[in-house]
Amino acid sequence: MQVTEGIILLIYLVFMTIIGIYFYRRARQSESDYFTAGQSINTFVGAFAIFAAIASSSSLMGAVGSGVTLGLPYYFTYAFGVLAALPLAMFLISGQVRRSGAKSMPDFFHQRFGTSVQILSAIIVVLAMTFYMVPQLTAAGIIGSYVLGIEYATATIILGLGFTIYAALGGMWAITYTDLFQGMIMLFGAVTLAAIIWVDFGSIGNMLDSALATDPAFGDVTQPWMSYFGLFIAFIWFGIISPSVVMRNFASRDARTARRSSMWGTFIYIILFLSGFFITIAGVTLGIVGTLENTDMIFVSVVEEYLPPILGGIMLAGLLAAIMSSADAMLLAISAGIAHDVYKQHINPNATERSVTLLGLITMFVAVIIGIVIAINPPGIIAVMVGWVGGFLLSSFGFPFVLGIWWKRANKIGAFTGMLGGAVLFLILVASQALPTNAEPIIAAPVSLILVIVVSLMTSPPPKEQQDRVDMYHTHLDN
Amino acid sequence: DTIIIIYSTIVFAWWPTDIYMAGISLVAWLMFFGLFLWFIIT
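Protein chains in written order, with this note's numbering: chain A, 31 to 509; chain B, 7 to 48.
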């Protein structure tokens, strides 16, 4: 066990739980408080919250691990795609979904397309977000077992329940304010580590020379073109299709705040990836990547090499923060999908707000237990599992969502067919292993797009009320 | 009331794997500059 790092990690976990308890009373006041923090989050808090929600274990451990193993062009493909995710979401959906007043993605589908599309989308959210927690829990288990010196399965259970407690107690309020703290600790840890590496090497030129001396192929494009393009496409859509990220727009005070939060969130994310650039180079110069059982662990090796125990503990807490701040947002998306979109709207419309938030709380614990059971024997490496989730959401949600905002003629039958057709085709392609890993959305997403357009045009236009709603999404309300 | 498509298309269509700057493929540098382009247009 790493004693100093372990103590810092435990202090961090206790602090997160205290935040959850602090917001418990406020979160249980209403559904709006529990799922969207009363739609009152400001730009500063919102920027760190959206950054922390989108930057998960794969942004730090996964990107650095893949850069060390597959070369610098692969690392920058990762950054190039994921850093365009928030701007693209801002250009195409942020202001519009905030103006719609929806509480969740299925809620948006309900007001734009009606009940059947809402229920299908709620099922997709619950399935995808539950599976998305698996790579996060896997990463938490790896770090926890390393620092605390306990079994991987035990670490996964302890840390999984750890973030569920504060998320379930405090809802979006606790998740947003823990994200603010987690985003800061993540950024502080990565920038400090990068600065120490820079000072150690003296200049960027020396760093690149050392890395190329250790691994002459570090600067090369080492994989087929399709691997880079598939990765880029999966990540660039992530800000639009991931309910855990899109929900941050619902929590913003207004459309203007949602946009500014996304802009500053992007700026913080660039700093994180520039720090990761230095950490990747340091990882290569260690020359140990061939000896590691799991290449995602190279990040931890760099931390051990360059940081004293106290700073190392903060950096590892930052890694856990990256994991938890994304996983708690996934839990909230699952919880809203079950409690708000299915139970309140279709099973028991007269349910009180307290009973809906209680069901949301229970749903989170059920979801995390399912996630932990799968994560104890994970079905793939972290980056591949994240790729599956992104591909599934893009193939099902991506085009019905964007066309629902921008194209009046998109109707209920078109959206339902595109969503179901894309989802089913994606699952068939994964199960049959007909394509290279993570290349499935290159086929399934365009099929979803064609289905939405063709079926909408072949059937009657949506009612005028729904078409007027599209105008409203693009209308500035000036009080 | 999405420059992103044009710049991305240039990078992936050109794909200059045989041009190097400071030992690193130009592909990586084009993407590195792309990060700043994303923030500027945002």
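Because the hints were derived from the structure by calculation, they are not lab data. Small disclaimer: the values here were computed from a predicted structure and weren't measured. Be careful, since some hints might not be right.
Okay, the calculated beta carbon distance ranges per label pair [as the list claims (entries may be wrong)]:
| # | chain 1 | residue 1 | chain 2 | residue 2 | range |
| --- | --- | --- | --- | --- | --- |
| 1 | A | Leu-191 | B | Phe-45 | 34 to 40 angstroms |
| 2 | B | Tyr-26 | A | Ile-392 | 52 to 58 angstroms |
| 3 | A | Leu-191 | B | Tyr-26 | 25 to 31 angstroms |
A few chain A residues that face chain B, going by a derived Cβ cut-off under 10 angstroms, partial list only [to be verified]:
| # | residue |
| --- | --- |
| 4 | Gly-101 |
| 5 | Val-221 |
| 6 | Ala-225 |
Glycine included, every Cβ here is placed at the ideal spot set by N, Cα and C.
Hints, verified against the model:
1. Leu-191(A) - Phe-45(B): 34 to 40 angstroms: Given a distance of about 38 angstroms, which is inside 34 to 40 angstroms, the answer is holds.
2. Tyr-26(B) - Ile-392(A): 52 to 58 angstroms: At roughly 57 angstroms between Cβ atoms, Ile-392(A) and Tyr-26(B) fall inside 52 to 58 angstroms, so the hint holds.
3. Leu-191(A) - Tyr-26(B): 25 to 31 angstroms: Distance hint for Leu-191(A), Tyr-26(B) is violated at roughly 49 angstroms.
4. Gly-101: This interface hint holds because 8 angstroms falls under the 10 angstroms limit.
5. Val-221: Since chain B brings no Cβ nearer than about 16 angstroms to Val-221(A), farther than 10 angstroms, the hint is violated.
6. Ala-225: Violated, because the Cβ-Cβ distance from Ala-225(A) to chain B comes to roughly 19 angstroms (cut-off 10 angstroms).
The structure shown violates the earlier hints numbered 3, 5 and 6.
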